[in-house]
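Participant: Generate coordinates for the entire structure from the input sequences, incorporating the hints supplied.
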Amino acid sequence: MNFQQIGKICMLCFSLFVIDTSLFAYSLHFPIQQSIPQSGSTGRINEPKLVGQNVRFKHLSLEDGLSQSSINTIAQDDQGFMWFGTESGLNKYDGYGFKVYFESSTDTSALSNNIVNVIFEHENGIFWIGTDKGLNRFDLNSETFKRFFHDPQNPNSLSNDRIFSIAAAKDGSIWVGTEDGLNKYDAQNNKFVRYKNDTNDPKSLTHNTITAILEDQQDQIWIATLGGGLNRLSKNQKGFTQFRNDPTDSESLSNDHVLALLEDREGILWVGTEKGGLNQFDPKTKKFRSYQHDPEDHQSIGDNHINVIHEDRLGVLWVGTHSSGVNVFDRDKNIFKRYEANVDDPYSMSSNRVISLSEDQTGTIWVGTWIGGANVYNRSTQKFDHYEHEPKNPNSISHNDIRPIFEDEDYLWVGTDGGGLNRIDRKRNEIKVYRHNSSNINSLSNDYVYDIVKDDNGILWIGTDGGGLNAYDPDADRFVCYKHNPQNPNTLSNDHVRLIKIDRSGKLWIGTNGGGLDVYDPITGHFTNYKHHPNDPNSLGNNRIYVMYIDESETVWLGTYGGGLSRFDQQTQKFTNYGHTPGDKTSLSNDFVLAVYEDAHGTIWVGTSVGLCKMNKEKGTFITYTKQEGLSDEVIYDIITDNYGKVWISSNGGLTRFDPNQMDFKNYDAKDGLQSNEFNTGTAYKSKSGELFFGGINGFNAFFPEHMWDDPHVPKIVITDFTIFNKSVPIGKMEDGRTLLKQSITKTKEIQLSYTDKVFAFEYAALHYASPEKNQYAYMIEGLEDDWNYVGSRRFVSYTSLPPGKYVFKVKGSNNDGLWNEEGTSIRLTILPAWWSTIWARILFVLSIAGIATMLYRLRMRKLSKQKKELEQLVAQRTKELKIKNERIVQQAEELHAYNANLNQLNENLEQTVSDRTKELTEKNRKLEEYAFMNAHNLRLPITNIQGLIQLFDIDRSYEETKEMLKLVKGQSDQIDKVLIDIQSKLDDDHSQSLEI
17 MNFQQIGKIC MLCFSLFVID TSLFAYSLHF PIQQSIPQSG STGRINEPKL
67 VGQNVRFKHL SLEDGLSQSS INTIAQDDQG FMWFGTESGL NKYDGYGFKV
117 YFESSTDTSA LSNNIVNVIF EHENGIFWIG TDKGLNRFDL NSETFKRFFH
167 DPQNPNSLSN DRIFSIAAAK DGSIWVGTED GLNKYDAQNN KFVRYKNDTN
217 DPKSLTHNTI TAILEDQQDQ IWIATLGGGL NRLSKNQKGF TQFRNDPTDS
267 ESLSNDHVLA LLEDREGILW VGTEKGGLNQ FDPKTKKFRS YQHDPEDHQS
317 IGDNHINVIH EDRLGVLWVG THSSGVNVFD RDKNIFKRYE ANVDDPYSMS
367 SNRVISLSED QTGTIWVGTW IGGANVYNRS TQKFDHYEHE PKNPNSISHN
417 DIRPIFEDED YLWVGTDGGG LNRIDRKRNE IKVYRHNSSN INSLSNDYVY
467 DIVKDDNGIL WIGTDGGGLN AYDPDADRFV CYKHNPQNPN TLSNDHVRLI
517 KIDRSGKLWI GTNGGGLDVY DPITGHFTNY KHHPNDPNSL GNNRIYVMYI
567 DESETVWLGT YGGGLSRFDQ QTQKFTNYGH TPGDKTSLSN DFVLAVYEDA
617 HGTIWVGTSV GLCKMNKEKG TFITYTKQEG LSDEVIYDII TDNYGKVWIS
667 SNGGLTRFDP NQMDFKNYDA KDGLQSNEFN TGTAYKSKSG ELFFGGINGF
717 NAFFPEHMWD DPHVPKIVIT DFTIFNKSVP IGKMEDGRTL LKQSITKTKE
767 IQLSYTDKVF AFEYAALHYA SPEKNQYAYM IEGLEDDWNY VGSRRFVSYT
817 SLPPGKYVFK VKGSNNDGLW NEEGTSIRLT ILPAWWSTIW ARILFVLSIA
867 GIATMLYRLR MRKLSKQKKE LEQLVAQRTK ELKIKNERIV QQAEELHAYN
917 ANLNQLNENL EQTVSDRTKE LTEKNRKLEE YAFMNAHNLR LPITNIQGLI
967 QLFDIDRSYE ETKEMLKLVK GQSDQIDKVL IDIQSKLDDD HSQSLEI
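First residue of the sequence shown? That's 17 in the numbering used here, and the numbers climb one at a time after it.
Treat the hints as calculated values from the structure; they're not laboratory data.
There's no promise every hint is true.
The following label-pair restraints were derived from C-beta to C-beta distances [unchecked claim]:
| # | residue 1 | residue 2 | range |
| --- | --- | --- | --- |
| 1 | GLU79 | SER120 | 23 to 33 Å |
| 2 | ASN504 | GLU425 | 32 to 42 Å |
| 3 | GLU722 | ILE639 | 23 to 33 Å |
| 4 | ASP615 | LYS590 | 21 to 31 Å |
| 5 | GLN586 | ASP615 | 15 to 25 Å |
| 6 | GLN586 | PRO502 | 21 to 31 Å |
| 7 | SER250 | ASP313 | 49 to 59 Å |
List of simulated lysine to any residue pairs, SDA-like, C-alpha gap at most 25 Å [to be verified]:
| # | residue 1 | residue 2 |
| --- | --- | --- |
| 8 | LYS302 | SER266 |
| 9 | LYS687 | GLY81 |
| 10 | LYS601 | THR637 |
| 11 | LYS879 | ILE865 |
Remember, predicted model here, so these are calculated numbers, not experimental data.
Yeah, the Cβ is synthetic: ideal placement off N, Cα and C, and Gly gets one too.
Facilitator: In C-alpha cells form, the structure reads like this:
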C-alpha cells in the first residue's frame, strides 16, 4: 500500500504539502560534548570517557561547612584529605564535613593569617602554606604551624609577608614567591636567599611580584611575574633568562602579566596571562603560541584572563578563566569547550571566576571559584550520557519531558510531552523538530507525542495525546492524521493514543487512554475496537491502556490503569485478565500496570505501581520484587533487558540493573549522571547496537551496558575523630594529668585509656569523593566482637563501659560503587583497670595480706605460748589447791559420814520422842477440850449477867442504884478476866512445851 492510499482512506478532505524544512539547527560547537549521542559509538570497556558531554559539577559551599566561599588554592594530602585555602581560614575536608584552622594572636603554633593564598604539599606530611601575612610550615601529624615572617633587620628572612606561590625543587629547596621578591629557603641553615629586580643587572628578575613558580623536567626554575613577563633560572642559578611580550613579534609572550604556569607530560610549557590569553611555549623552538578569546568563535577560549591551568591524568587541559568559567582544551582540534555558570542548570559551574584547579588521587577534578565555593567533577559518576533541552542551544532537543524513543536506519526519533517530535541525525550532529502548526494541515497533529513505530513501507506511525494517530512519510515529509469519528465505528476509538505496536501481518495495535484497544488494518483502512465490558470477564481489563507488548507467539499483553494485566489471544479473540488478589502473594502486586516486557528466555516481566513481577505463564502466578529485595523504588515505569540478560528497570528512584541469575540489584540515581531520579513510562528503548535509552522529566539517558564501569579506586579509610564523653580529644594537650593524643588521630596507632573513660567514640571516613553519601562502612572491635558490623553509610560508633583489657578497633569501607577497602584501618586500645584491680595491686594485696597474716600468726603464737605458760602455772597452782581442797573434802566427807551416823541416831531418837510427845499432846488436847468446855460455861454466866445489867440501864435509876449495878458489872468483868488469865496461862504452858519438842 502506498502513502496516497493511506491519505485517501483517512483525510480525503485535506490538502497535502511539504512541511518547511527550515527547522534544521546548526552543528554543536564542541564535538567532545556530543549533545547528540553517536549511534553505535564505541569506547574501551571499564574506562571513563574524556571530558565530554554533560559534565556535571557538584558544589561545596558555606552550607556544607566551608568557612568562606572563595577557594584560592586546593591540595590533597597523602592520606586523601582535601584542603582548601580561603579568604577566611584553612579548610580540611573528608567528604562529609570541614575542619577549619584559623589564625591566632595568642597561639604561635596556629596559622599566621586567615587569608590563605597557596598550599604546597611537600614530603613527609608537611604542607607549606602561603598567606597574606607570612609563610607557614604545617605539620599534618601534630597539626601545628611554624611561622616565617619578613624581618627588616634580618636579610636572611622572607623578603615579604604576602605569599603568592610556593614550589619545591628536586634538590630539596623551597621556592617562595611574594609580593616583593623571590625567596629560596635553605632548611638546613633555616634561612632565605632573596632574588629581586636590579635595574643595573640585566640578568636579575624582571619584576618583584611573583605569581607562579615551576621546576621543569630539565630542573630549570620558571618564575611568573605580574608585569615582568616570564623568568627562567638555569641549573647553575647564575642569572635569569627573560621572556617578555614583544608587540612586533607574534611568537613572543602575549602579555607580561603572567598568572599561571604548567608543564605538561610532553614538556610543553603553558602560560596563563592576565590579558593575553593562554600561551603555549615550545622549549625546543623557544617560541610562544597564544590562544585568545574571539567573540565570533564559541570554540575559542572564553576569556583572555587566565588564572590557573591544570593537566589531568588523561592529558586533558583544564583552564580556569576570570569570567568564562573553566575551559577544556581539545589539543587535537585546537578548540575549547566552556563550562560556565547557568542559573537554569543546578549541575553547572557555581561561578564563572575560576581561581584554583586540582585533581585528587582518584581523578576527581576540583575547581575553586571566587565567592562560588568549590566545584567537583568525577568521571566515575558520569556513567550515563544525558541529553536535555538547552534554552541557549538551538541544536538541543526541544523539550525535557521525554516520551518515546525510537531509532531507524538513519535517525534517532525522540517524542516529547509538549515539545513535538525530534529527529536526531547522530552522524551529522543535527536535530530537526516537528511541531504542530495549526496553519499547516500536513504538520504533526499534536505536540504531545507518546509512541513511535515504523512499518515495512518506511512509514512512521506516531501516537499523540489528544491528536490521534499520525502517519509520517519521510519521503514526502508530511503527516496524515487519523482521528476518532463518532459517526464512523471503523475509525480510531479515542484520540489519546499512548501505544502503537505492529504485528507480523502488518496490523497496527493501538492502545488508547480511555478508548480501549484498537487494531488498524492498513489494507481495509478500518479500525477494530476492543473495550472493557463489566459483565464480560473475557473482555479487556480496563479501557486506559498504559503499556502493550506483543511477544514471540504474537500474544498481545496489555497493562491497564487499574484493570491489571490483560492477555489477548488473537485466535480466540478473548482476553485473560490477571489482577491483584489481597492476601495472595502469588497474584499480581497491583492492578496499575505500567510496564510489560518479555526477555530472551520467554519470561514475562511486569512493572506495577507496587513493584516488579516475574510471571509464571503456565500457572498464571507472579513473584514480586520490592524495595525489600533491592529495588530503589516500587513504581516501575519501564523494563528492558540488555544483550547480557540483565534486566534494566526505570522508576521514581532512578535506574536499577537486576541480574535474575544472581538475584543482585544495583541502583543508579541522579548522582550517577541520570537525567533525574524520576523517569516516564513508555520511554525505554534498545537499539540494534545494544545501546539503551531511558527518558524522564529532564531529558533522556543513553548508554551501552557493556561500557558501564565501576569506580576502580579503593578508598583510603581514616579515623577522623576520637571523643570521650562526646568531647573531641585534643592533640598534644595534657588533660587530667595525661596526654592521650600525641599526634593527629588519623596518624595515631595506639591509645591508652583509663577505666574512668566510660564512654568513647570513633568517627571515620572513606576518602573517596565521587558520591560520599554512597560510601559504605563496617567496623568491629577485636577482643569484644567476632564479626564485622555492617552499618551502611553510618560513620561513627561509640562504646560504653568496656572492661579493662587490650582491644583493636577496626573499620573498613567502600567507595560509591561498592568496592571495599578490606584492609581498612585500625587502632589499638588499652583500657587500664583501676589501680586496685591491677595485677600488681592484687599481688601487693596478696603479699600484704600474707605479711599481715604472718605477723598476726606470730603475735598469736607468742600470745598462745605466754598463755600456755600462764595456764600451766595456773593449772599447777589450781591442781595444788584442788589437791588441798580434795584432802579437805575427804576429811569433811569422813566427818560428814560420822555426822550422818549421829544424825541417823538422833533421827531415830527424835522419831521416838515425837511418837511419845504425840501421845502426850493427844492426851493434853483431850484435856484442853474439856477445860475449854468448862471455861466456856464459866464465861457464859458473867456475860449473861452483864447483858442483863445493861438492860437495867434503860430504866431510870437513882445514882445509888446505878452505882450498885456498876459494882455488879465490875464483879462479873473481873470473873471473866480471871477465866481468861487461866486460859492464857494454860496456853503459855502448852506453847513452851511445844517449843521444847
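Participant: Against the earlier hints, flag every one the structure doesn't satisfy and list their numbers going up.
Facilitator: 7
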